[in-house]
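Asker: Residues per chain are reported as follows:
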Amino acid sequence: MHESLPILSALIFFPLGAAFLLMFMRGGDWTYRSFTLIVGIIECLIALPLIFGFQLDNPPPYQFVERMAWIPQWGLEYHLAVDGMSLLMIILSVALLPLCVLCSWTYIGKRVKEFHVNLLIMTAACVGIFAAMDFILFYIFWEAMLIPMYLLIAVWGGPERRYASIKFFLYTLAGSVLLLVAIIAFNYVGSTFQIPELTAMAGEGKFSESFQLWTFLAMSLAFAIKVPMFPFHTWLPAAHVQAPSAGSVLLASVLLKMGAYGFLRFSLPLCPQGSIEMAPIMIAISIASIIYGGFVALGQNDVKKLIAYSSVAHMGFVTLGIFMFHQQGGEGAIMVMLNHGIVTGALFMMVGAIYERSHSREIFDNMGLGKYLPAFMGFFGIFALSSFGFPGMNSFVGEALVLIGAFDSNLWWGFLCIPGAMLAAAYMLRLGLKMAWGEPPSPAGKNWADLNVREWVYLTPLAFLVFYIGLAPGLTMRVVTPSIEKVLEGFPDSGTMDGRTIVNLQEEHRQGLGEAMAEDGLTLSSAE
Amino acid sequence: MQHYQLDKCLPELYLLAVIAILLIQSVVRTQNDDSAAKNTNWVPWAAFIGIGVSLFSMGDEGVLFYAAYKVDALSQFFKLAISVGFFITTLNGLKPPAIKRTNRPDYFLFLGLSCWGLMLLSSAVELITIYVALEIASYSLYAVIPLRANDRRAAEAGIKYIMFGAVTTAIALYGFSYILATQHTSYIAELTAMDWSLAANPMAAVGLLFFMFGMMFKLAMFPFHWWCPDVYEGTANETAAFAATLPKLGAIVILVRLATLLKPDLEITMILAIFGAISMTLGNFAALAQKDVKRMLGYSSIAHAGYVVLGLVSGTQYGLAAASFYALIYLLMNLTCFWVICRIARDGENVTLSGLDGLYRREPVMAFVLAVSAFALVGLPPTAGFIGKLFLLNAAWEVGQYHWLVVVAVVNTAIAIYYYLSLVRHAYTHDGEPKAAKETVSLANLVWGGIFAGVLLILGAVPSSVFEWAMTAGKQLLP
Numbered sequence: 001m002h003e004s005l006p007i008l009s010a011l012i013f014f015p016l017g018a019a020f021l022l023m024f025m026r027g028g029d030w031t032y033r034s035f036t037l038i039v040g041i042i043e044c045l046i047a048l049p050l051i052f053g054f055q056l057d058n059p060p061p062y063q064f065v066e067r068m069a070w071i072p073q074w075g076l077e078y079h080l081a082v083d084g085m086s087l088l089m090i091i092l093s094v095a096l097l098p099l100c101v102l103c104s105w106t107y108i109g110k111r112v113k114e115f116h117v118n119l120l121i122m123t124a125a126c127v128g129i130f131a132a133m134d135f136i137l138f139y140i141f142w143e144a145m146l147i148p149m150y151l152l153i154a155v156w157g158g159p160e161r162r163y164a165s166i167k168f169f170l171y172t173l174a175g176s177v178l179l180l181v182a183i184i185a186f187n188y189v190g191s192t193f194q195i196p197e198l199t200a201m202a203g204e205g206k207f208s209e210s211f212q213l214w215t216f217l218a219m220s221l222a223f224a225i226k227v228p229m230f231p232f233h234t235w236l237p238a239a240h241v242q243a244p245s246a247g248s249v250l251l252a253s254v255l256l257k258m259g260a261y262g263f264l265r266f267s268l269p270l271c272p273q274g275s276i277e278m279a280p281i282m283i284a285i286s287i288a289s290i291i292y293g294g295f296v297a298l299g300q301n302d303v304k305k306l307i308a309y310s311s312v313a314h315m316g317f318v319t320l321g322i323f324m325f326h327q328q329g330g331e332g333a334i335m336v337m338l339n340h341g342i343v344t345g346a347l348f349m350m351v352g353a354i355y356e357r358s359h360s361r362e363i364f365d366n367m368g369l370g371k372y373l374p375a376f377m378g379f380f381g382i383f384a385l386s387s388f389g390f391p392g393m394n395s396f397v398g399e400a401l402v403l404i405g406a407f408d409s410n411l412w413w414g415f416l417c418i419p420g421a422m423l424a425a426a427y428m429l430r431l432g433l434k435m436a437w438g439e440p441p442s443p444a445g446k447n448w449a450d451l452n453v454r455e456w457v458y459l460t461p462l463a464f465l466v467f468y469i470g471l472a473p474g475l476t477m478r479v480v481t482p483s484i485e486k487v488l489e490g491f492p493d494s495g496t497m498d499g500r501t502i503v504n505l506q507e508e509h510r511q512g513l514g515e516a517m518a519e520d521g522l523t524l525s526s527a528e
Numbered sequence: 001m002q003h004y005q006l007d008k009c010l011p012e013l014y015l016l017a018v019i020a021i022l023l024i025q026s027v028v029r030t031q032n033d034d035s036a037a038k039n040t041n042w043v044p045w046a047a048f049i050g051i052g053v054s055l056f057s058m059g060d061e062g063v064l065f066y067a068a069y070k071v072d073a074l075s076q077f078f079k080l081a082i083s084v085g086f087f088i089t090t091l092n093g094l095k096p097p098a099i100k101r102t103n104r105p106d107y108f109l110f111l112g113l114s115c116w117g118l119m120l121l122s123s124a125v126e127l128i129t130i131y132v133a134l135e136i137a138s139y140s141l142y143a144v145i146p147l148r149a150n151d152r153r154a155a156e157a158g159i160k161y162i163m164f165g166a167v168t169t170a171i172a173l174y175g176f177s178y179i180l181a182t183q184h185t186s187y188i189a190e191l192t193a194m195d196w197s198l199a200a201n202p203m204a205a206v207g208l209l210f211f212m213f214g215m216m217f218k219l220a221m222f223p224f225h226w227w228c229p230d231v232y233e234g235t236a237n238e239t240a241a242f243a244a245t246l247p248k249l250g251a252i253v254i255l256v257r258l259a260t261l262l263k264p265d266l267e268i269t270m271i272l273a274i275f276g277a278i279s280m281t282l283g284n285f286a287a288l289a290q291k292d293v294k295r296m297l298g299y300s301s302i303a304h305a306g307y308v309v310l311g312l313v314s315g316t317q318y319g320l321a322a323a324s325f326y327a328l329i330y331l332l333m334n335l336t337c338f339w340v341i342c343r344i345a346r347d348g349e350n351v352t353l354s355g356l357d358g359l360y361r362r363e364p365v366m367a368f369v370l371a372v373s374a375f376a377l378v379g380l381p382p383t384a385g386f387i388g389k390l391f392l393l394n395a396a397w398e399v400g401q402y403h404w405l406v407v408v409a410v411v412n413t414a415i416a417i418y419y420y421l422s423l424v425r426h427a428y429t430h431d432g433e434p435k436a437a438k439e440t441v442s443l444a445n446l447v448w449g450g451i452f453a454g455v456l457l458i459l460g461a462v463p464s465s466v467f468e469w470a471m472t473a474g475k476q477l478l479p
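Line by line, the protein sequences give chains A and B. Going by the working numbering, the first residue of the first sequence is number 1, and it counts up by one from there. Going by the working numbering, the first residue of the second sequence is number 1, and it counts up by one from there.
Derived by calculation from the structure, the hints in this document are not laboratory data. Just to be clear, a hint being listed does not mean it is correct.
[Claimed, not checked] Below 30 Å or equal to it, Euclidean Cα-Cα: the simulated DSSO-like pairs (lysine-lysine) are:
| no. | chain 1 | residue 1 | chain 2 | residue 2 |
| --- | --- | --- | --- | --- |
| 1 | B | Lys100 | B | Lys38 |
| 2 | A | Lys110 | A | Lys446 |
| 3 | A | Lys434 | A | Lys446 |
| 4 | A | Lys167 | B | Lys291 |
| 5 | B | Lys475 | B | Lys263 |
| 6 | B | Lys291 | A | Lys110 |
This structure is a prediction, so every number in the text was calculated from the model and none was measured.
Chain B on its own, in the form it takes in the complex:
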């Protein structure tokens, strides 16, 4: 077995090269603020090429680094998703108003490092590797979250994120020690064969649950969701767009890998399902009362974390494929929504619902994009959000034990419609103050917003070719 086939890791290596350049830019000392050395306008282009690299390495397969690192359909699918997410977030955060110009290389450096950690995470198939990759992805985020000029809420958000993150990773590590102590291996491939029922192996089952807590924290899933609304609200809009989407992908990919251990009748699976149900219900109910759009999206992402569980507990290849596909859709629809928020908040302020009033008149394209992303987030056809949710529901129904979870999920859709609809309602039916004639969203930003909305609609109409990638991953995981 070849342990160092670096040609299989092209997306990671490419991103590492981008990070290296950013690191140089970051440490260069400059006299004036406008120095070319701090110019980061090239990053989205580089990230765009990164999507190409990830597409190019779609379908690669291999086991590297002494079986700790696996390049398979699942990892490549998520690497593609991460590349897309990195591209959109860099494009989105090109000129963040709340972040000083000289800090931009650092900003992108941390975002890139976090993405790099997530890419490693999507290939990690050994618990220690997972842990290390998770920390790479997290540490850089800890640094980025408080980066918001003169805003104390950002500092609060940063501290909350670090504290919660530290505690949950400690719990995860503790759980890992239980697993290692009882099952004597840390390779997922070998762990799959073990018995994870509480009766047969209580310590291991508890250990696995604890280990999953680490992922649930990243995913902002009940009971580790408290940080989410505060962090979204506190941090800069562009950072929130990143923190709301990409780290979730990392968590989902690991949960998908761990879900191969979860037979539907296990106690842990049931616990996960219950957490999922509580997560979606709680997230949706809490979101109903929010006035701050980012905070609302924070609660909505708690609900979405619950939906993903539908695919994880099913224990079928369809379920895992649906969860992976939903991760991609989740990324796209949230980034689309944040795209609008970041464009509207010209000074980097938080956007409230009433701040959206009259958007249709000020920025008709942005209003349309917002409406598409809101309807996608509800899961209304003909958007990709519906298709993603349909796949999840369908997969979960195949397993007899979780019919109730499906019903909880659809009832939640009906709850969720109210607050997503209020985005549309404020943008379209309230006239707002007649003051600002037009906001100056540049043509390029409008076009990109239109493209994202178009992608959501197209993926909703013809998802089969993209879903096929996820399906291949599912088939490989559970043949």
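Here chain A stands alone, though its shape is the one from the complex:
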């Protein structure tokens, strides 16, 4: 149907080509910025057919397939396709490009051209990661993405940028080298690098249990570092704090999702038995991430660090959702991924915006904003409320689903998550409280300008999404559900729990969601 239009390739190569052009471009900083902005908008337009052409009813497992020989000697193919979860992630990555350009418009003052070249390459690599259906092609994008991200932190970052960037690079690279071994091992056993074929083989039980266990461990190290899960998270606060705000946005919104995506695309489908065996450990460290991230966030005085640790907690919900092998849990995981991308991205943009005014990321240097910067604080409030899962806003949907899944699978998991959810409210309200009320510590704070047009432009769509997904998650859910069903196919007690069918489950959870929202005086307006 869509073979004639290589949209995915266009999404990858258009920013790459633009980056190449930009390298040789001459002109002022304004030219580079507006060029990249236009490229970003065109990139979003290119992605539109992806959204409208995506088949929602009886979707084939993979859509927009592009496939051709690449390195035939080793059986490598240039193979791109999307399913529900990768579609959402691709749209998120693409949509962030123009927003990142806008939020760095005045933030980035030096080496503007190179900065935007990096942004463009980064976008291309992100789309590639989510679209690649050849394991090696995936790995290439996965690793290639490190280079622009490293440069974003190392060149445009804060005072500790060299330390943070190297830590980021070493952690993620060290994790992913074993992923390469796992990929090679899969090729050895399955004699193909194609993910759909390998997934099918795993479904037929072609991989032995010990093989699955080893490959699961090798792959999951890479993904767990990227997510990051509790013991492997230390690179994240360093990188987040030092990165420029566009870098933080990309880190939070896209990079962390790659790890979770890796779990969903590779660890679970390719090693179902390995996953089941390791699930208790993964769930334990997920819950540890939720609680640990929450507690540490509570003690932070640096706004960026606080949001960074809150990311650890949120991503803990994602991995918890994934490793329960539970339909709602899995859907919730993807919803948290998407919503965390929107909300945390927005929060980082706002921190960047206030940093431009106060030149400090300390909470105590940014007090009293409610009085002097009402619009700013209004937006900040929206995103902060959404971040801890306030009903009616987008993060609530995902977290509620994960919690439903957790209580449904095992009462204890659910109970253990509750303090995490409460902690989220505590640290976010503390942050919001301090920033909204009080008096600015310096008299200059009273004269800071409120949001300008540019800031309105990049914050409004995100705020819109916060409410849209929060109130009408139906469309997004319909995109996600089939891919989760597919991921959980091989798992005994998941999709058809207690003999119930997926459709029933969906109906049930939609009702459940409606009830939960009705309690808060909100209605669920389905997009269907």
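Following the hints, complete the assembly by docking chain B onto the known chain A.
Answerer: Structure of chain B alone, referenced to chain A:
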């Protein structure tokens, strides 16, 4: 059988003609230093045509000189690689600041002779021929290494290279005598059929190992790696670029040919694998502490020698093809890196890591080229370095015994990233002194640097057609 089909040896003959002209230039006596007789600006052009000649004779096949000399896909692939390497090194060494102008014809003469020896080496399929070709390739290098005006380190480097070289070639010759004594032949084609296990034929196995020591020396592989960092550091930058790359090709081609004897379960193969593992680990760890870029690259090349072993021990056509392909990639990425170093060091001094500070501002193109070559050397996608390493890892995994070697190799990638990244870090994130406004790297040199970086990226994206040549070679060696 026709023994003297000289039309099959066009690349060698062409290079010999170039050498002959250089020899004349070298012996001409001149009054003044600027004499036209000593002008060597034509050499890169000649070398460029040499690439064309090698491309033209791609696909030639034949057995010459009483089966001692074989023109096949492997030899032609390596001759092409050597031609490319010779072209880049001559272009790189066009005006070496550390070498007197009147010495330039001699300089190129020795480099050319060394390349010529390497070309013979890539076609040699008989142990004595291999030995003779190896010596041709080495002797001229012995002369070139100390050529660095007024630098005692160069003399030290030269002596180290000669001493180590002499000892290892002696060991290799000793090993050869064992092989000849037990297997009664020196033709690789016949040796392939023999049993090389330690149990069946201990003397022959030891002999083969000793013979391979000669190659390991050239390759700077553990346990014959000690010369490498010192020689790189001591010799002129341009010479280091040559010594770091081309002789390695000669060693790899012979090891690829000898690898047809190495079944994966042989003791020698296991020893080779262990040496490879130690080589990469040791090279990478030692490189972490280096401040001098050339010295660091010296240790890095020890590590790279270890990676090549992955292809050699696999004993499959894929493994041999991957090793040959990696040799080409290794050549390109190292020469690209040295290209930047030679351009930055205008007076021929050694470049330290802090000397790279602020390179992005002084020379943005050079900084980019350096970054590409550094990422290629780590083996990060989307560069050719990744593809080359991927092929090696993939080939080695096919053989059950060497899974551990694959794991060692990838873990080493994670170690290596730190020091390669420090090249990028210094070039991009340190500002350096604001003194020098701009360095004067000529436009042509920038363009060439850009082309080399582009080749590394393109070979990383679409390697299949070049790899097909290597694959043909692999198929011919192990049908």
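Asker: Evaluate each hint against the coordinates.
Answerer: Now for the hints, and whether the structure bears them out:
1. B:Lys100 <-> B:Lys38: holds (11 Å)
2. A:Lys110 <-> A:Lys446: holds (28 Å)
3. A:Lys434 <-> A:Lys446: Holds, at roughly 16 Å.
4. A:Lys167 <-> B:Lys291: Holds, at roughly 20 Å.
5. B:Lys475 <-> B:Lys263: holds (16 Å)
6. B:Lys291 <-> A:Lys110: holds (29 Å)
Violated hints are absent here; each numbered hint is respected by the structure.
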